[in-house]
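Protein chains: 2
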Amino acid sequence: METSDIQEYFPFWDKLDNGQKLKLYRAADFRKTKKKTLLHGNDSCLGLVLVKSGQLRIFSYSEEGREFTLYRLFERDICLFSASCMMHDLQMDLMIETEKDSEYWVINADVYKALMDESAPIANYTNSLMASRFTTVMWLLNEIMFKSMDKRVSAFLVEETRIEDSMKLKITHEQIANHLGTAREVVTRTLQYLQGEGAISLSRGTIDITDIDKLEELSE
Amino acid sequence: METSDIQEYFPFWDKLDNGQKLKLYRAADFRKTKKKTLLHGNDSCLGLVLVKSGQLRIFSYSEEGREFTLYRLFERDICLFSASCMMHDLQMDLMIETEKDSEYWVINADVYKALMDESAPIANYTNSLMASRFTTVMWLLNEIMFKSMDKRVSAFLVEETRIEDSMKLKITHEQIANHLGTAREVVTRTLQYLQGEGAISLSRGTIDITDIDKLEELSE
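Here the protein sequences line up with chains F and R, keeping their order. For the first sequence, the residue numbers in my numbering are 1 to 220. For the second sequence, the residue numbers in my numbering are 1 to 220.
Read the hints as simulated data drawn from the structure, not as lab findings. Quick caveat, the model's predicted, so the values are computed rather than measured. Errors might be hidden in some of the hints.
Put simply, identical chains are the same to the list, so a pair is met inside one copy or across any two.
[Unchecked claim] With a straight-line cut-off of 20 Å between C-alpha atoms, the simulated EDC-like cross-links for lysine to aspartate or glutamate are:
| # | residue 1 | residue 2 |
| --- | --- | --- |
| 1 | Lys32 | Asp77 |
| 2 | Lys23 | Glu63 |
| 3 | Lys147 | Glu64 |
| 4 | Lys15 | Asp117 |
| 5 | Lys151 | Glu63 |
| 6 | Lys151 | Glu64 |
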């Protein structure tokens with residue numbers, strides 16, 4: 001356990017008094033979770049999650065079992081939604097899962113809430129954290145409303161090559177459909193179009209990016 | 001000018017000292033604007049808008065001239081996006097227009113930002129305001145992803161009967177398309193379906209809600 005590292009996540013650290021620092025330290029619980037594990041469903045209140053390593057996925061879902069990805073979290077990111085219970089105006093049914101083996105701290109939501117109530121720097125930091133996520137979600141909403149599916153699939157594949165640092169992506173059509181919130185058939189049809197354009201090459205369970213420039217062009 | 005009214009908008013009022021109260025008072029500018037006027041585009045920073053009367057519409061738009069409504073603001077609502085310049089992590093290209101003749105106060109963004117930086121109650125209130133809008137936008141995103149267009153059009157019409165307090169809606173197919181972010185043809189097709197179901201009756205520039213229970217049923 002390396003709780004001392006948590007101060008690097010909080011730009012307001014130096015503005016806290018010693019009592020507040022101690023409270024944050026003690027509220028932090030270090031955890032390791034294997035990939036493909038659900039951390040948080042809508043009925044629990046995990047707390048603020050500080051990612052030390054790995055990759056987390058925040059997604060929305062419907063009663064019918066459909067889902068779409070809101071965004072991913074990487075090293076040094078902070079997840080606010082896992083502590084949404086501490087803000088009664090923030091009511092969202094979101095899920096969080098590990099996409100890779102992950103290490104992270106969980107800060108108890110009640111402790112963080114109490115500190116936020118008394119400290120303007122913490123409240124303003126939380127504000128900027130929420131504003132930043134809100135901006136991402138608004139960007140996604142605009143993409144969904146104004147961009148065609150072939151542009152969205154292309155952009156998703158480009159992003160995946162960056163995250164995986166590889167031009168050979170091991171991902172199924174079903175998984176892409178769950179990220180983008182569409183039907184598998186739509187993804188399959190779009191991938192076939194992108195293959196026809198010479199940007200990718202499809203084989204079972206793998207997508208080879210054969211022309212990344214072309215793919216980027218198709219995403220714009 | 002009735003600046004004294006602004007304290008009713010701010011639940012944190014009693015926690016401010018006299019100097020802070022005076023700053024907020026002085027930063028408030030009372031305005032009246034005719035309906036169908038653009039208040040705010042992405043290049044300006046209007047400030048925090050407190051609605052006294054009327055109806056405002058917050059919407060997103062594309063370079064190609066498409067648009068969709070995020071939400072409406074009514075009496076006693078506060079608009080944060082018109083002051084998004086004060087939070088550098090909140091970057092959204094949104095527009096605000098009056099849908100009806102409106103009266104409102106504008107609180108200077110710089111003054112509000114300075115108060116928010118020093119006061120935990122103001123920062124936490126701003127937080128809850130943003131959380132509440134974020135929740136609305138997430139709800140909208142889920143509607144768009146998981147609901148069919150006939151359900152969304154039905155829900156929009158039900159909402160309009162409540163806002164207008166009338167079963168006879170003066171609204172064009174184009175306007176509905178701009179609220180929902182879809183094509184006019186899609187709205188026309190959907191309205192014809194709803195007419196076939198006996199929920200509405202269409203005539204030029206007017207939609208008569210002939211069976212509100214049926215319409216509510218179709219929206220779910």
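Going back to the hint list, which numbers does this structure go against?
Hint check: 2 fails alone, others pass.
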